[in-house]
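Take the given structure of chain A and dock chains B and C to it, following the hints.
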Amino acid sequence: MTKTIINFSNVSKKYGKNEIISDLNFTVNEGEFVTVLGSSGSGKTTTLKMINGLEKPTSGKIIVDTHELDKCDLVELRRHIGYVVQSVGLFPHMTIADNIAVTPKLLGWDKEKIDRTVDQLLDLVSLKSEEYKNRYPGQLSGGQQQRVGLARALSTNPPLLILDEPFSALDAIIRQNLQQEIKALHQKLENKTFFFVTHDINEALYLGDRVMIMNHGKIEQFDKPEKIVANPATDYVKKLIATVRQNKKLWEEFK
Amino acid sequence: MIEYWQENSTQMMQLMIEHARMVLTALLIALVVAVLLVIFFIRKDNWMNSLVYFFSLLYSVPSYAFFALLIPITGLGEWTAIIVLAFYSEYVILRNFITGIREVDPAYIEVAKGVGMTQTQTLLKVQLPQALPAIFSGLQITLASAMAIATIASTISAGGLGDLLFEGLQTGQVVPILWGTILTICLTLVGIIIIKLIENIMISDWYDVQKG
Amino acid sequence: MLSEIIKYFQTSSGEYFTYLEQHLWLSFSALIISMIIALPIGYLGSRNKFVAAFCQTFSQLLRIIPSLALLFILIPFIGTGFIPALISLVVLALPPLIVNTILGFNEVPQTFSEVGLSLGMNQFQLLKQISFPLALPYILNGIKLALVEIIASATLATYIGAGGLGTLIFTGLGLYKMQYVVIGAVSVALLSLISMWLMDFLIRKAEKHDKNNY
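Chains as they are written, first to last, in our numbering: chain A, 1 to 255; chain B, 1 to 212; chain C, 1 to 214.
The set of hints was computed from the structure by calculation and includes no laboratory data. There could be a bad hint or two in this list.
For lysine-lysine, the following BS3-like pairs were computed, each having C-alpha atoms within a straight-line distance of at most 27 Å [as the list claims (entries may be wrong)]:
{"no.": "1", "chain 1": "C", "residue 1": "K208", "chain 2": "A", "residue 2": "K56"}
{"no.": "2", "chain 1": "A", "residue 1": "K105", "chain 2": "A", "residue 2": "K128"}
{"no.": "3", "chain 1": "A", "residue 1": "K218", "chain 2": "A", "residue 2": "K3"}
{"no.": "4", "chain 1": "C", "residue 1": "K208", "chain 2": "A", "residue 2": "K133"}
To spell it out: a stretch of chain B is covered by chain C in this simulated footprint if at least three of its residues, at any positions, have a beta carbon under 8 Å from a beta carbon of chain C; those stretches are [said to hold, decoys possible]:
{"no.": "5", "stretch": "61-72"}
{"no.": "6", "stretch": "151-160"}
{"no.": "7", "stretch": "167-180"}
Quick reminder that beta carbons are idealized off the backbone N, C-alpha and C, glycines included.
The shape of chain A in the complex, shown without the other chains (with noise of 0.2 Å):
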């Protein structure tokens, strides 16, 4: 039986008159790696700020991890997602080792705790902790930094992960390396939950277990990759399917 970890029932977002979620249903199991693909202004940031409290829904149900958002207590809640953004935000005044503790040291752990955590955490995003814990986020490259904020957002070892287009500020091939890497990251750490949001279609493709694909604060298609290649359920997605098609030919020529 597989669990549900996010389930959205009828939700809608207004800025004023401005509708940017319209009637979103959807649900992501446990375990899954879920990407959302859409262009600025689909919507996609939005719901995934909606998935821990960033931003509220104007009407509608949020339950994330059996509560239901409107209901229970948000810094509790956020403390068990991870959540890592385009734009790193790791905090410039904290050391590489501050930054990961922060979420730790608010939930009062010991310190040798947090240092084990540290040092762990760090191996697992392929970084020497000697090496790095003790510099500041200003010393690092950026594929670095990402590598950091990866392993804040896993400190606590939450079920869920949120990732608001983590590497579309990096370069070309440090960004397929920190694809194959979350991948792989995702298959070693058993029924976590990612929530991965990216306006390209390669990285939503390559990734996702499943693709939800927006448009206009609305769902176009939300299935597993090779079927959404398969079987395209409207327009929009076909035409999207058709941009990769029309590179894979140029390529082609080139040969």
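Chains B and C in isolation, oriented as in the chain A frame:
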């Protein structure tokens, strides 16, 4: 209040004129010196930075102390006050001048070189016009603080509206203090409005267009 | 002149230190009180547009009122001495403190607040661990400007009977004894310079790790 005005209006007008003359002379001197310094040192960043730092040190000297320290050198009176005010203004004007010029997009300077302008032409035709908004905002700030500091010049017999404040202090009356304050504020506001007007004339349409 | 200055210190160093102490005490109290008032207001101003707009207007208004006038105008109401001087200095120190505190909190990138919340901080923890440390260089700059203003205006406080180093200048001018004027003026200038350097040092320390991050 009104009675006091009726009795002393000629003297008060006189003080206002003194006050305005002091501040305006100081501002003009500071502006001319700033232009000269910028022309001479524009391409010597280190010199420029040290100059600004030097004026920032002078700027932090309390005005009352500054006035007093100049007395052994330049004596009492209006000119000592003008010198002090000019030094204070120099810092703000020069600083804004330089930030304004340095913030001009290097691409424009490249283009200017590309179309064959000399360095002086680049400064006058490309950098200065774009730095004008910053320069004018510096003038406004410095006008307000010079007007305020000029009241202190009364202590070194330089006249101005500070005389009214001290008269009130010595005779224990509020009315002259109020008048001194109000007239200083009025002078400041008039000055700011004039600077705004000049700015509007000098900064022609391109700036408004750019701002949208 | 030099010999007269030396003579003054030989005969009246006690008097000098009284003035210095008065000056420092007045300036320091004014700074602390104005910080207690300005920092919370500045924080509110960074979160609320109306508070911010009000603070801006208030600061602009205060900037065109001469500090001398502000010092004198209270006398008819509460007399002379330490308290009226203190009140005036506090009022004079508020604008740079409030404006720079608002600026500092506004300069903290939105992402950091969102990440802080997402990592499970409550509003107080967010302020203490993230917003305040990141806004600190700006706040310190505000304190620096306020301190320079306070020390300068405290020199004038002698006119309303609050003593301080200005008294030396005042007496010197009255009796035309230049050694008094020079001693007073140089002391005040040094006081101002030292506090400026001290604040610059603190600012550099506070922003050490903030570079190349955004």
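State the violated hints by number, sorted upward, taking the hints as numbered earlier in the document.
-> Violated: hint 1 alone.
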